[in-house]
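Starting from the structure of chain A, add chain B where the hints point.
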Amino acid sequence: MSSKTSIYLDHNATTPVHKELSVQVNELALHWGNPSSVHNHGRGPKQLIRKARQALAKFFNIHPLEIIFTSGGSEANNTAIFSVFDNEWLKNKNYEAEFITTTVEHPSVSKAFDLIESYGATVHRVPVNYDGVFDIDFYKSVLNKNTKLVSVMYANNETGAILPIKQVVGLAKEVNALVHCDGVQALGKVNLDLKSLDVDYCSFSAHKVYSLKGAGALYVKTGTPLNSLIVGGAQERSRRAGTENTLAIASFGQALDLVGDIKTKYDHQENLRNKMETQIEKNIPNCKVLSKSAQRLPNTSNIIFDNIDGESLLMNLDLKGISVSTGAACSSGSSEPSPVLISMGLTRYQAQSSLRVSLGWETTDAEIKYFVETLTEIVSRLRRLKQESAG
Amino acid sequence: MSEKKRVLLAMSGGVDSSVAAAILQEQGYDVVGVTMQVWDYSKTECSIEEGNGTCCSSIDVDDARSVADHLGIPFYVINCENEFKQNVIDPFVQSYLKGETPIPCVNCNTYLKFDYLIDKMKELDCDYLATGHYAQIKESPLTGRKSIVTSSDDWKDQTYFLFTLDPSIVEKLMFPVGDWKKPELRAYAEKLGLPVAKKKDSTGICFVGKNDYSKFVEKMAPEETKTLSGDLRLYPGGEVLAQHAGTHKYTYGQRKGLGVSWSEPLYVIKIESDTNTVWLGTEEHLYSSEVKVKNLNLLDDIQDGESLRVKIRFQHRGSDAVVKKTEDGVTLNFVEGQRSVTPGQAAVFYRSNQLVGGGWIQ
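These protein sequence lines are chains A and B, in that order.
Just so you know, we're using this note's numbering here: the first sequence kicks off at 2 and counts up by one.
Just so you know, we're using this note's numbering here: the second sequence kicks off at 42 and counts up by one.
Extracted from the complex, chain A is given alone in its bound form (with noise of 0.2 Å):
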């Protein structure tokens, strides 16, 4: 392939953009009215944000106003992470609240715990095996009558295991406890009834799901406690101050009506995906597909390339027109390996020689084939490299 080659195989790391919603997103733009305002102008973008909502309320089965939108996937859980702890060590006084996650949640979700873990709360972490696999008999020894609140990824962005969440609600329920559901990488993979998933709290992020950045969706299921990080104006309905990024929630809204049929999206991933893992297997000696016995997100694959730096390895596919991941993308230009993958019983030097490939919707045969030929050529121009030195 020429010089201009460009497959993206990070999708986990952002989509692009629709190519319908890019096209709409000009119209969408001219609603630039505040939409607070009183006057003509505001009632616009305000339309388009309640339309949004009612799209996110019917793609997710669940009430419009049990929406609130954020700027991002971040801001979701970190919101429904302190609003249970603000209720229960503010508000309570209630200093023997504890509450439950696991090693292999995203840096939004892990770095809240740890935060409020350094107040004194008393915070349990449940580990996830090598395979991907939840370790449901730490959850249930660490789960009791003081837990308030469990948050549980739907989805591994590194690996793509998927975890258990419905058993994790189910038990959760037992005690009271408030289950949050970091639902980010499974937007627009998996279908996602969050009233049947039975979840208090869901969060979602616009540009996971083919849509534009700055937006993101907390789901708060009607009675569950909630505290805005930011205060300020009566913005959604004073659960989060801040004028709405009109265009960014407008857009996540159009995106979610854009999905249409998951089931024909997941199959074609997914085996594409199997196929290239086949591929790899045969061609490339001495790597391994990590969690491949779990239930997995169609399009993710998470793969160690014995006695390769995955660092390198992006390097080379990048200069080959190749966009792949190492780690998580925000792990970018540091040189600690994943602590995710570290948790999951891998040493230092196996996660650093991961590469995660993430399928889209539009992936090809075509790119896949590329990416595997490429691969194979450069892990053993390394490998050989690796020799000639230690030889």
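Check the hints yourself; a few may be wrong.
[As the list claims (entries may be wrong)] DSS-like mimics (lysine-lysine), calculated; alpha carbons at most 25 Å apart, straight line:
1. K387/A / K213/B
2. K46/B / K387/A
3. K5/A / K46/B
4. K45/B / K5/A
These aren't lab readings, by the way, just hints derived from the structure by calculation.
Relative to chain A, chain B alone:
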């Protein structure tokens, strides 16, 4: 169509390596930019200071990225904080604790810029490694061998920092700005519209910043520096003039801030680390003509008894010395006595303008 040769360019965010990127591009190379993040100030404080005029702050990393984006070349940041700490910061502190005045830029060049990046060059399938150093590579018309020679800009020449290079990598190196003079280079950067065209030149030691060295050493080795106090003595008689709070606060040749008054100007002429004695003397005692040098690295053969031009610190203009081989290095006999020969600094040898090698002053 023949494949373009690919060059890995170490970009510091400064004007030199930025222009180097543009030059390589004009020469038809496929350029890949890389910056080593070695010492991050931004973690604990919000600073908008222009990198202390340095080569390793986060702001400089951003500058390098902005130049790469401007030129449309791929660019990567490699985190080398651990390697930098281990190979540059720790030896720097140890050297001060031993009463020396170290020159950390040599280690940075040896272990990071070259050793590490030569591996990266191979890993990224590049043909050459380039830096923005003021130095040149010249091929001998007789042997075809490549060697490093001083830059066209005498004032900026940085070959002093390159004496530890492994001679086998010289043929893989490129110094695109080595035949430029600084003012022209800066003008060219402006003409190209490079975002760093007006950026200040780097001065001093990047990780120390504006703070003084002794404070940095105290921060890095708080316990050890407490044990370095001792006597300020007059050379050669040995009378105690005062007490000092630590040998790490003094450098060879220092005149200001000694805290003693004397009929004649006094200078630090020797720091004895085993007794923590700082020796002060008058100007004539500053000079020495015999200098012992160890841990040699040679880029070319030298003859025993050969006369070479030697620089004993970066800003030194170079002075002729006869080089006699010893068991573990060489002894230099300078034709003219040299002022403030400082242990911890490098003695770097030149044959005419060719960099021949060097070693560490004992």
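Hint consistency between K46/B and K387/A [alpha-carbon to alpha-carbon, up to 25 Å]: Holds - the C-alpha atoms of K387/A and K46/B are around 22 Å apart, at most 25 Å.
Satisfaction of hint between K213/B and K387/A, Cα-Cα up to 25 Å: Between K387/A and K213/B the Cα gap is close to 19 Å, so the pair holds against 25 Å.
Pair hint outcome, K5/A versus K46/B [Cα-Cα no greater than 25 Å]: Roughly 17 Å between the alpha carbons, so the hint for K5/A and K46/B holds.
Restraint status (C-alpha distance of K45/B to K5/A at most 25 Å): 15 Å, holds
Of the numbered hints listed earlier, not one is contradicted by the structure.
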